[in-house]
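Trainee: Okay, here's what each chain looks like letter by letter:
Number of protein chains: 2
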Amino acid sequence: MVRKLKTSRQPEILDAALAIADERGLEALSMRAVAERVGVTPMALYGYFRNKDELLDGLVGRLLGELVPDDPGQTWQERLGAIAWAIRRLARAHPSVFPLLLLRTSVTPDGVKLVDLAYQALLDAGVPEADVPRIERLVSTFVLGFALSEVSGRFSDASRDVRRRRGTDMPAHQRLAGHLTPDDWDAEFADDLADLMRIIRPV
Amino acid sequence: MVRKLKTSRQPEILDAALAIADERGLEALSMRAVAERVGVTPMALYGYFRNKDELLDGLVGRLLGELVPDDPGQTWQERLGAIAWAIRRLARAHPSVFPLLLLRTSVTPDGVKLVDLAYQALLDAGVPEADVPRIERLVSTFVLGFALSEVSGRFSDASRDVRRRRGTDMPAHQRLAGHLTPDDWDAEFADDLADLMRIIRPV
DNA sequence: TTCCGTAGTCTACGGCGTAGACTGCTCTAC
DNA sequence: GTAGAGCAGTCTACGCCGTAGACTACGGAA
Chain A
114 MVRKLKTSRQ PEILDAALAI ADERGLEALS MRAVAERVGV TPMALYGYFR NKDELLDGLV
174 GRLLGELVPD DPGQTWQERL GAIAWAIRRL ARAHPSVFPL LLLRTSVTPD GVKLVDLAYQ
234 ALLDAGVPEA DVPRIERLVS TFVLGFALSE VSGRFSDASR DVRRRRGTDM PAHQRLAGHL
294 TPDDWDAEFA DDLADLMRII RPV
Chain B
114 MVRKLKTSRQ PEILDAALAI ADERGLEALS MRAVAERVGV TPMALYGYFR NKDELLDGLV
174 GRLLGELVPD DPGQTWQERL GAIAWAIRRL ARAHPSVFPL LLLRTSVTPD GVKLVDLAYQ
234 ALLDAGVPEA DVPRIERLVS TFVLGFALSE VSGRFSDASR DVRRRRGTDM PAHQRLAGHL
294 TPDDWDAEFA DDLADLMRII RPV
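Respectively, the protein sequence lines represent chains A and B.
Using this note's numbering, the first residue of the first sequence is number 114, and each one after it goes up by one.
Using this note's numbering, the first residue of the second sequence is number 114, and each one after it goes up by one.
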């Protein structure tokens, strides 16, 4: 017997969890903290989620739900771009929860829906059927990775730190000194997407 | 006063930590577990690392150290490819620790060295100086993301699960039914790299 | 001989996820 | 009208966790 879960207060609980993570970071997201915010004892949560992992999966589902666009009928570039920018926006809105999207496996209906929209856009772009899933993985991997890198500091912290140590053996860094950090990450993301579109359909 | 750390047994401690993570997962990597493996009380570790976070940073440094290649004098494609494949190999060798590379900010000398080699390869490829750092970020983001996706199950689990639910509203999935999962991830990675090389220098 | 630095120990605190047993309430069926 | 089922939530407790703080034992140097 698998013990049926209640669903009534799941959204409320996920909202509380998301709020805690947004305000105090993923580390602070404990069952006890969520329970307190909901106004309930920790053990009450286990009527709605089998354990903490399932609560986190629920959180991933919730984020993906925010994401799926509903305006069809544009060009494939616009539709693909819309998904990409939405993902990046999501990362910036919920930086501490965002890594879960890449780290957890959970497959939600909204996630599948999103992939399906991407597939359709690629088909419309004229990508051969046999290549569509690969190209989707290529692009989505980049987009998720980019958003994660921004949010986790991989981009900015690295360059900042490097500038402090110049003079050791990193000849190329020295040569590129003026160009290491972009002034505009939005523009970089846009340029990257444009480059990827050229993979999808060479101009 | 910042409390100077001992370095003598750091490598030994990091080895123990890596072994635990490889054998029992990142969750099992606790100060207590590492201490036990080293044959010491938990508090003894704090002479070598200020806290658990610093130990994890040390682990990232250790991994990057395994990575930096030492065979120069090939074409820029070969050098870039060597780095990419080495990263992917690292992910497969240490799947549970690998996510730390993307999640933690720690900037190590070996990491910088690696970026410098990539910069040099891009310069040799004829990429304009102003574009080199962006292209490096594009490619490294993809490579890290791909390796992470493989290792965290984002790729395989997703496709497996989708096949079970066919018939709902995912038209593109249905049309692509035969192509959803590649039989050979090595080949997919190679194809992706080839596509990215075409961004770097159009053929 | 005294002193100091090094390496490590012991104890304890507050927090964590969650198993197991329990209470009180509401609704149905007789 | 009352017995019983089932739902919602509580209480207690266990074994983990990271780490602060105070301590011991020892091997040189002065």
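Just to be clear, a hint being listed does not mean it is correct.
Each pair may be met inside one copy or between any two copies, as identical chains are not told apart.
[Stated by the list, open to error] When the alpha-carbon atoms are kept at most 25 Å apart in a straight line, the in silico SDA-like pairs for lysine to any residue are as follows:
1. LYS165 <-> ALA141
2. LYS119 <-> PRO315
3. LYS117 <-> LEU180
4. LYS117 <-> ALA290
5. LYS117 <-> THR294
6. LYS165 <-> ASP270
7. LYS119 <-> MET310
8. LYS117 <-> ARG205
9. LYS226 <-> ALA271
10. LYS226 <-> GLY291
11. LYS119 <-> VAL153
12. LYS226 <-> PRO185
Honestly, the hints are just simulated from the structure, not real lab data.
Trainee: Take the hints in turn and mark each one as holding or not.
Mentor: We went through each hint and held it up to the structure:
Taking identical chains as interchangeable, the C-alpha atoms of LYS165 and ALA141 lie at most 25 Å apart whether they share a chain (13 Å) or sit on different chains (16 Å). In the homo-oligomer, the alpha carbons of LYS119 and PRO315 never lie at most 25 Å apart, since the shortest distance is 51 Å inside one protomer and 56 Å across protomers. In this homomeric assembly, LYS117 and LEU180 never come within 25 Å of each other (Cα to Cα): the closest approach is 28 Å inside a single copy and 48 Å across copies. For the identical chains of this complex, LYS117 and ALA290 are neighbours neither inside a copy (60 Å) nor across copies (33 Å), given an alpha-carbon limit of 25 Å.
For a Cα distance limit of 25 Å, the shortest separation of LYS117 from THR294 qualifies neither inside one copy, at 52 Å, nor across copies, at 33 Å. Proximity of LYS165 and ASP270 under a CA criterion of 25 Å is satisfied inter-copy only: 20 Å between copies versus 31 Å inside one chain copy. Proximity of LYS119 and MET310 under a CA criterion of 25 Å is satisfied in neither setting, with 45 Å inside one chain copy and 51 Å between copies. In this assembly of identical chains, LYS117 and ARG205 lie within 25 Å of each other by CA distance neither inside one copy nor across copies; the values are 35 Å within and 37 Å between.
Taking the shortest alpha-carbon separations for LYS226 and ALA271, only the inter-copy value of 12 Å comes in at or below 25 Å, while the best intra-copy value is 35 Å. When the C-alpha separation of LYS226 and GLY291 is checked against a cutoff of 25 Å, the pair qualifies only between copies, where the shortest distance is 18 Å, while the shortest distance within a copy is 43 Å. In this homomeric assembly, LYS119 and VAL153 come within 25 Å of each other (Cα to Cα) only inside a single copy, at 15 Å, whereas the closest approach across copies is 46 Å. Only within a single protomer do LYS226 and PRO185 lie at most 25 Å apart by alpha-carbon distance; the minimum there is 13 Å, versus 45 Å between protomers.
The structure fails hints 2, 3, 4, 5, 7 and 8 (numbered hints given earlier, in ascending order).
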